[in-house]
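The lines below spell out each chain.
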Amino acid sequence: MIEVKKVNKSFTLFNQNNAKITVFKNLNFEVNPGEIVALKGPSGIGKSSILKMIYGSYIIDKGAIIINNKNIATLSAQEILKLRKTSIGYVSQFLKVIPRISALDVIMEPLLNSGDNKNNAYKKSIKLLKDLNIEKNLWHLSPLTFSGGEQQRINIARGFIKDLPYLLLDEPTASLDSRNRDIIINLIKAKSNRGVSIIGIFHDEYSRKKLNVREIDLNIETKH
Amino acid sequence: MIIPLLKVTNLSKSYDNIVGCKNISMSLYPGEVLGIVGESGSGKTTLINCLSGNLEPDRGKIIFSINNKETDFLNISESEKRKFIRTDLAFVHQNPRDGLRLNVSAGGNIGEKLMSVGYRHYGNIRSLATKWMNKVEIDKSRIDDLPITFSGGMLQRLQIAKNLITSPNVIFMDEPTGGLDVSVQARVLDLIRSLVNELNLTVIIVSHDLAVIRLLADKMIVMKNGTVIESGLSDQVLEDPQQEYTQLLVSSVLHV
Numbered sequence: 001m002i003e004v005k006k007v008n009k010s011f012t013l014f015n016q017n018n019a020k021i022t023v024f025k026n027l028n029f030e031v032n033p034g035e036i037v038a039l040k041g042p043s044g045i046g047k048s049s050i051l052k053m054i055y056g057s058y059i060i061d062k063g064a065i066i067i068n069n070k071n072i073a074t075l076s077a078q079e080i081l082k083l084r085k086t087s088i089g090y091v092s093q094f095l096k097v098i099p100r101i102s103a104l105d106v107i108m109e110p111l112l113n114s115g116d117n118k119n120n121a122y123k124k125s126i127k128l129l130k131d132l133n134i135e136k137n138l139w140h141l142s143p144l145t146f147s148g149g150e151q152q153r154i155n156i157a158r159g160f161i162k163d164l165p166y167l168l169l170d171e172p173t174a175s176l177d178s179r180n181r182d183i184i185i186n187l188i189k190a191k192s193n194r195g196v197s198i199i200g201i202f203h204d205e206y207s208r209k210k211l212n213v214r215e216i217d218l219n220i221e222t223k224h
Numbered sequence: 001m002i003i004p005l006l007k008v009t010n011l012s013k014s015y016d017n018i019v020g021c022k023n024i025s026m027s028l029y030p031g032e033v034l035g036i037v038g039e040s041g042s043g044k045t046t047l048i049n050c051l052s053g054n055l056e057p058d059r060g061k062i063i064f065s066i067n068n069k070e071t072d073f074l075n076i077s078e079s080e081k082r083k084f085i086r087t088d089l090a091f092v093h094q095n096p097r098d099g100l101r102l103n104v105s106a107g108g109n110i111g112e113k114l115m116s117v118g119y120r121h122y123g124n125i126r127s128l129a130t131k132w133m134n135k136v137e138i139d140k141s142r143i144d145d146l147p148i149t150f151s152g153g154m155l156q157r158l159q160i161a162k163n164l165i166t167s168p169n170v171i172f173m174d175e176p177t178g179g180l181d182v183s184v185q186a187r188v189l190d191l192i193r194s195l196v197n198e199l200n201l202t203v204i205i206v207s208h209d210l211a212v213i214r215l216l217a218d219k220m221i222v223m224k225n226g227t228v229i230e231s232g233l234s235d236q237v238l239e240d241p242q243q244e245y246t247q248l249l250v251s252s253v254l255h256v
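Taken in sequence, the protein lines are chains G and F. Those letters in the first sequence? Residues 1 to 224, per our numbering, in order. Those letters in the second sequence? Residues 1 to 256, per our numbering, in order.
Okay, chain G solo, but in the shape it has when bound:
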């Protein structure tokens, strides 16, 4: 379960006349195991910020985010690293990888980093590549040369390859054609059926409906 309790977030831009941008005040919600929560609201309202705070890449100004009985707001850097490794999958909006590393290696890496053996990691990754409908001739190429939709699927594969209890998805179905979108939707459903708590940003009504999400409207939840 993920609990977001009385969370405040603002940004101070020191190099732009110390402008202070308040993103939200007193944000509260929770996500139960197996549940898919969709964050809703216009661009700029802080949907991605919430995912990043849960993942620990944004500071939580005030309040608490509880995962596995641990409060992200007060964990040290190495505790967050450990929690990520054991519990939290995150699919960012854009793929960030080193040039030259093949798609297959990009996907295998999270498994190898957690001590899985090479053979196992290879088999799992190949299966996921096939499930995601990535052409075989691309597996050994760097995803940086791929199309937007292909890159996104590699990014999703990297986030989905491990069995983790929490998943954060930042627009996983954007820039995909309808066939591939359905593939991703089914993968997300399968995770949810296995009890994974999922928070996502889904730009399209279709995905939200298919996934049977619970919507959290940030326009209502956050008082500025």
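Treat the hints as calculated values from the structure; they're not laboratory data. The reader is advised that the hints may include incorrect statements.
[Unchecked claim] Once the Cα atoms are required to be at most 30 Å apart in a straight line, the calculated DSS-like pairs of lysine-lysine come out as:
1. G:LYS118 x F:LYS135
2. G:LYS85 x F:LYS135
3. F:LYS7 x F:LYS81
4. G:LYS82 x F:LYS224
[Claimed, not checked] Here's a subset of chain G near chain F, in silico, CB distances under 8 Å, partners left out:
5. PHE14
6. GLY56
7. ASN113
[To be verified] Covered stretches of chain G, as calculated for chain F (at least 3 residues, CB under 8 Å):
8. 76–90
9. 98–108
Predicted model only: the values in this text are computed from it and were never measured. Each residue gets a CB set at the ideal place from its N, CA and C atoms; glycine is no exception.
Once you have looked at the hints, place chain F on chain G.
Leaving out everything else, chain F in the frame of chain G:
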């Protein structure tokens, strides 16, 4: 409770009246990669030179905890310190020419390092050297060639092989991709990253290139005027910087 592999407390070093680094405290855990960023003169190099034993700090504490054995780095005898540096630490210089002997063959450079930690059997040394040439993607037929015949990228990879072959516990890297062509940088970066993952290396890397830090480092510290002004997870410091200077640094990066 995991004990930090390296714990630094209030470390300071001045050059006459000029501050090198001041009151630095930090911890590094096994398998972590720590990035140090900051402008020229901010104290990055002074700091890693103190930590790696190349410089004697004025004040502070450096404790390494390796295999349940604590080493109080600034309070051991000179000979113990030399031995510790030889067996437990490694230093990859920005300019590979500073970390290699150019008039000794590639294999000789690697072999020398092995001999410094006690290897004596020529056949073993040569086969290990060959294995490592292969690991850093240098054709093994070049083992008897002098490094002066190598390209910049190859030299850097050779320096990395030489440093890692003895399985050091902490590896310091000072701008390891700094002097290389962009195309070669990616290759060296990729190599460092795959070795870090494969061998679970603990690394402290200095770079002014935030992209390098982002791709390699789990944690980072930002230095200015000899002090640490911000520290944390690399992605957190880069995506949600809390200090004015860090924000300036991050916002100044050019995106292609």
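Going through the hints against the structure:
1. Restraint check: the Cα-Cα separation between LYS118 (chain G) and LYS135 (chain F) comes to about 17 Å, which is no more than 30 Å; the hinted pair holds.
2. Simply put, LYS85 (chain G) and LYS135 (chain F) have alpha-carbon atoms about 27 Å apart, close enough for the 30 Å limit, and the pair holds.
3. Among the hinted pairs, LYS7 (chain F) with LYS81 (chain F) is consistent with the structure: their alpha-carbon atoms are about 17 Å apart, no more than 30 Å.
4. Using a Cα cut-off of 30 Å, the hinted pair LYS82 (chain G) and LYS224 (chain F) holds, with the two alpha carbons roughly 29 Å apart.
5. Against a cut-off of 8 Å between C-beta atoms, the interface hint on PHE14 (chain G) holds, since the closest Cβ of chain F lies about 4 Å away.
6. The interface hint given for GLY56 (chain G) holds, since its Cβ lies 6 Å from the closest Cβ of chain F, which is under the 8 Å cut-off.
7. The interface hint given for ASN113 (chain G) is met, as the beta carbon of that residue sits about 6 Å from the closest beta carbon of chain F, less than 8 Å.
8. Only residues whose C-beta sits within less than 8 Å of a C-beta in chain F count toward coverage, and the region 76–90 of chain G has 4 of them, enough to reach three; the restraint holds.
9. Using a Cβ-Cβ cut-off of 8 Å, 4 residues of the region 98–108 of chain G lie near chain F, which meets the minimum of three, so the contact claim holds.
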